[in-house]
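Protein chains: 2
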Amino acid sequence: MSKKAVVLVNVGTPDSTKVSDVAKYLHEFLGDGRVIDLPWLSRKLLVNFIIVPFRSPKSSKLYKKVWDEKGSPLLYLTENLADKLRQELGETYDVHIGMRYQNPSLEKLIKSNKFQKYSEVIFIPLFPQYASSTTGTVIELIYKSLANRDVIPKINVISQFYDHPEFINCFADNISKFNVNEYDFVIFTYHGLPLSHINRVHPEILESSCNCQNEFPEHGQYCYKACCFETTRLLLKKTGIAPEKSITSFQSRLTNKWLKPFSDEVIIEYAKQGKKRGLIVAPSFTTDCLETIVELGIDYDELFQSHGGEKLDMVPSLNDNDLFVQFLKKLVIGDKVI
Amino acid sequence: MSKKAVVLVNVGTPDSTKVSDVAKYLHEFLGDGRVIDLPWLSRKLLVNFIIVPFRSPKSSKLYKKVWDEKGSPLLYLTENLADKLRQELGETYDVHIGMRYQNPSLEKLIKSNKFQKYSEVIFIPLFPQYASSTTGTVIELIYKSLANRDVIPKINVISQFYDHPEFINCFADNISKFNVNEYDFVIFTYHGLPLSHINRVHPEILESSCNCQNEFPEHGQYCYKACCFETTRLLLKKTGIAPEKSITSFQSRLTNKWLKPFSDEVIIEYAKQGKKRGLIVAPSFTTDCLETIVELGIDYDELFQSHGGEKLDMVPSLNDNDLFVQFLKKLVIGDKVI
Chain V
1 MSKKAVVLVN
11 VGTPDSTKVS
21 DVAKYLHEFL
31 GDGRVIDLPW
41 LSRKLLVNFI
51 IVPFRSPKSS
61 KLYKKVWDEK
71 GSPLLYLTEN
81 LADKLRQELG
91 ETYDVHIGMR
101 YQNPSLEKLI
111 KSNKFQKYSE
121 VIFIPLFPQY
131 ASSTTGTVIE
141 LIYKSLANRD
151 VIPKINVISQ
161 FYDHPEFINC
171 FADNISKFNV
181 NEYDFVIFTY
191 HGLPLSHINR
201 VHPEILESSC
211 NCQNEFPEHG
221 QYCYKACCFE
231 TTRLLLKKTG
241 IAPEKSITSF
251 QSRLTNKWLK
261 PFSDEVIIEY
271 AKQGKKRGLI
281 VAPSFTTDCL
291 ETIVELGIDY
301 DELFQSHGGE
311 KLDMVPSLND
321 NDLFVQFLKK
331 LVIGDKVI
Chain S
1 MSKKAVVLVN
11 VGTPDSTKVS
21 DVAKYLHEFL
31 GDGRVIDLPW
41 LSRKLLVNFI
51 IVPFRSPKSS
61 KLYKKVWDEK
71 GSPLLYLTEN
81 LADKLRQELG
91 ETYDVHIGMR
101 YQNPSLEKLI
111 KSNKFQKYSE
121 VIFIPLFPQY
131 ASSTTGTVIE
141 LIYKSLANRD
151 VIPKINVISQ
161 FYDHPEFINC
171 FADNISKFNV
181 NEYDFVIFTY
191 HGLPLSHINR
201 VHPEILESSC
211 NCQNEFPEHG
221 QYCYKACCFE
231 TTRLLLKKTG
241 IAPEKSITSF
251 QSRLTNKWLK
261 PFSDEVIIEY
271 AKQGKKRGLI
281 VAPSFTTDCL
291 ETIVELGIDY
301 DELFQSHGGE
311 KLDMVPSLND
321 NDLFVQFLKK
331 LVIGDKVI
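Residue numbers (the working numbering), protein chains in the order written: chain V, 1 to 338; chain S, 1 to 338.
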């Protein structure tokens with residue numbers, strides 16, 4: 001039997017914290033039409049002449065906060081995960097990693113012609129919930145890089161896995177390392193998205209008129225918002241955390257027309273209500289990175305404290321946890337689960 | 001559980017035997033860069049001004065031979081297959097058919113936005129062996145039609161199935177309906193391909209220096225030639241037909257630089273050797289069509305007889321055989337088999 005390949009795909013990181021490397025990263029990331037969905041020329045002008053020049057020095061400072069002696073956590077944590085999965089899968093699988101933006105480049109990996117020798121290539125974008133700007137852009141890159149090839153190898157792209165019981169188990173296990181009773185509230189925070197992205201998934205149903213906060217709707221299959229709320233419901237059920245003690249919110253917004261409630265506003269509100277200790281969980285990230293380590297772990301804690309709270313603790317992401325490795329192994333070798 | 005979709009994909013057929021409809025079909029088919037691999041402009045000139053005008057009236061006559069009261073066999077046989085598979089799979093699957101060229105159009109089906117509601121769409125190009133000009137062009141169309149979508153649904157494309165034991169079983173069963181002892185020889189004929197196509201699959205190994213006629217090589221996974229010879233070996237083993245009584249050859253060539261030996265030359269050679277009765281099997285087609293019904297079933301028989309042979313019988317293709325339906329059902333609902 002010939003070998004199969006597994007490709008763990010993550011969003012990406014600058015090569016270093018230097019402003020020029022951060023600018024390169026932002027340029028590629030924000031140049032993606034699925035990330036900033038403006039017409040091509042407007043996006044190019046905005047990204048090249050406004051966002052990248054002004055944001056790169058600021059972002060570079062943020063990356064310096066997240067960088068440690070091993071480098072960029074997003075990168076080395078993904079590498080560690082790949083190493084462990086490689087050990088688990090044994091010799092019949094080759095495990096690669098590929099970043100959507102910058103290095104090690106998913107695009108270069110696909111174009112290297114390596115995949116032709118495998119009987120199947122299984123791509124796992126490490127994003128639990130499908131969104132056009134994460135899993136969608138990865139699949140677009142894969143499809144476009146392979147479409148014109150003489151030999152288009154057999155591939156399998158895992159679209160999402162937010163509702164897989166073993167994935168839920170991984171996050172519940174991480175949460176269980178904290179004594180939930182000691183906290184006044186638990187925030188399930190997900191990376192935000194423009195409302196226009198949500199409305200494009202189900203144009204027949206406006207985001208604002210949908211009931212997916214309360215139950216998973218039939219049209220919600222590829223709707224990031226519906227899948228985030230469902231992730232929270234599944235995690236509440238698994239961990240036994242009382243729904244009334246928890247909230248689902250969205251962070252990292254760029255404008256007011258992004259998914260609500262906004263996590264920072266929720267945190268301020270809780271502090272104003274006199275709540276003292278909070279726990280924050282981020283189940284749209286499987287790997288800790290700038291957004292979790294700095295935004296959630298440092299900035300939100302400071303925000304909470306500056307409004308009268310005592311401490312906001314962050315549950316780490318799955319990173320290279322053994323349970324997560326076992327889950328990925330099952331995705332790869334198990335029956336079709338998605 | 002939400003529904004899954006199955007799409008049976010076949011090559012296509014003109015809408016009718018009218019010269020204008022045949023021209024439309026040839027125009028789309030030959031306009032595909034994977035079918036005629038000339039630079040865009042040369043192909044356009046050749047196809048629009050030379051091949052289509054001169055070949056359409058001739059092809060129209062051929063299609064009149066193959067058309068029957070139910071219409072184009074390729075179409076209604078694929079529809080019958082889909083009907084039977086629909087019955088077998090029950091309500092959790094929707095079964096569609098899509099033609100790569102003309103109608104019912106695979107491209108229109110994909111672009112209709114129907115697939116977003118399914119948890120998975122399983123495409124089965126009905127070509128047992130992968131080739132750039134058959135399965136490759138289907139996958140290219142699927143990838144390109146889906147790549148830019150906001151929601152890219154979870155898909156699974158079956159790349160090839162020539163070596164699946166149950167597929168081999170289907171063809172062996174069809175062969176078993178003939179008394180092989182009554183025949184002087186058995187030809188396993190496959191649709192030909194330009195040698196350049198083969199060499200592009202494994203540029204490091206020239207088609208002419210490869211030993212895949214005798215054993216399956218490591219680099220042969222996506223090589224049409226290697227997979228055709230392997231199909232014959234598997235069929236010989238399954239049916240017990242003596243290898244020395246059989247030959248593997250290739251039909252429908254356009255130039256001399258196509259896969260050899262050429263089936264028509266083999267047939268003439270057998271007739272000249274004084275052989276009287278032959279059996280012909282075409283395991284690169286799962287559905288009977290112009291190439292099997294007319295080229296193999298009528299023309300080759302006439303050719304054989306005109307050189308002194310008595311009768312060349314053709315084993316029908318799988319069409320909507322119940323065994324084939326069962327095999328497809330297994331591909332769809334079974335464990336990952338490919």
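Derived by calculation from the structure, the hints in this document are not laboratory data. Some hints here could point you the wrong way.
Same chains, same names: a pair is fine if it fits in one copy or spans any two.
[Stated by the list, open to error] SDA-like mimics (lysine to any residue), calculated; alpha carbons at most 20 Å apart, straight line: (1) Lys-117 with Arg-200; (2) Lys-3 with Ala-82; (3) Lys-245 with Glu-218; (4) Lys-44 with Phe-54; (5) Lys-3 with Glu-218; (6) Lys-117 with Pro-203; (7) Lys-257 with Gly-90; (8) Lys-330 with Ser-119; (9) Lys-275 with Glu-182; (10) Lys-117 with Asn-199; (11) Lys-4 with Gly-334; (12) Lys-144 with Glu-107; (13) Lys-245 with Cys-212; (14) Lys-61 with Gly-297; (15) Lys-44 with Asn-199; (16) Lys-108 with Ala-147; (17) Lys-111 with Lys-144; (18) Lys-177 with Val-151; (19) Lys-117 with Leu-206; (20) Lys-3 with His-219; (21) Lys-276 with Gln-87; (22) Lys-330 with Glu-218; (23) Lys-329 with Glu-88; (24) Lys-111 with Pro-203.
Hint by hint, here is what the structure shows:
no. : hint                 : verdict
1   : Lys-117 with Arg-200 : between (38 Å within a copy, 14 Å between copies)
2   : Lys-3 with Ala-82    : within (17 Å within a copy, 33 Å between copies)
3   : Lys-245 with Glu-218 : neither (27 Å within a copy, 59 Å between copies)
4   : Lys-44 with Phe-54   : within (15 Å within a copy, 49 Å between copies)
5   : Lys-3 with Glu-218   : between (38 Å within a copy, 11 Å between copies)
6   : Lys-117 with Pro-203 : between (41 Å within a copy, 13 Å between copies)
7   : Lys-257 with Gly-90  : neither (47 Å within a copy, 43 Å between copies)
8   : Lys-330 with Ser-119 : both (18 Å within a copy, 19 Å between copies)
9   : Lys-275 with Glu-182 : within (12 Å within a copy, 91 Å between copies)
10  : Lys-117 with Asn-199 : between (41 Å within a copy, 15 Å between copies)
11  : Lys-4 with Gly-334   : both (13 Å within a copy, 19 Å between copies)
12  : Lys-144 with Glu-107 : both (10 Å within a copy, 16 Å between copies)
13  : Lys-245 with Cys-212 : within (19 Å within a copy, 67 Å between copies)
14  : Lys-61 with Gly-297  : within (16 Å within a copy, 75 Å between copies)
15  : Lys-44 with Asn-199  : neither (24 Å within a copy, 41 Å between copies)
16  : Lys-108 with Ala-147 : both (15 Å within a copy, 18 Å between copies)
17  : Lys-111 with Lys-144 : both (11 Å within a copy, 17 Å between copies)
18  : Lys-177 with Val-151 : neither (48 Å within a copy, 36 Å between copies)
19  : Lys-117 with Leu-206 : between (46 Å within a copy, 17 Å between copies)
20  : Lys-3 with His-219   : between (37 Å within a copy, 12 Å between copies)
21  : Lys-276 with Gln-87  : neither (43 Å within a copy, 61 Å between copies)
22  : Lys-330 with Glu-218 : neither (27 Å within a copy, 28 Å between copies)
23  : Lys-329 with Glu-88  : within (7 Å within a copy, 32 Å between copies)
24  : Lys-111 with Pro-203 : between (35 Å within a copy, 16 Å between copies)
Going through the hint list in order, the structure does not satisfy hints 3, 7, 15, 18, 21 and 22.
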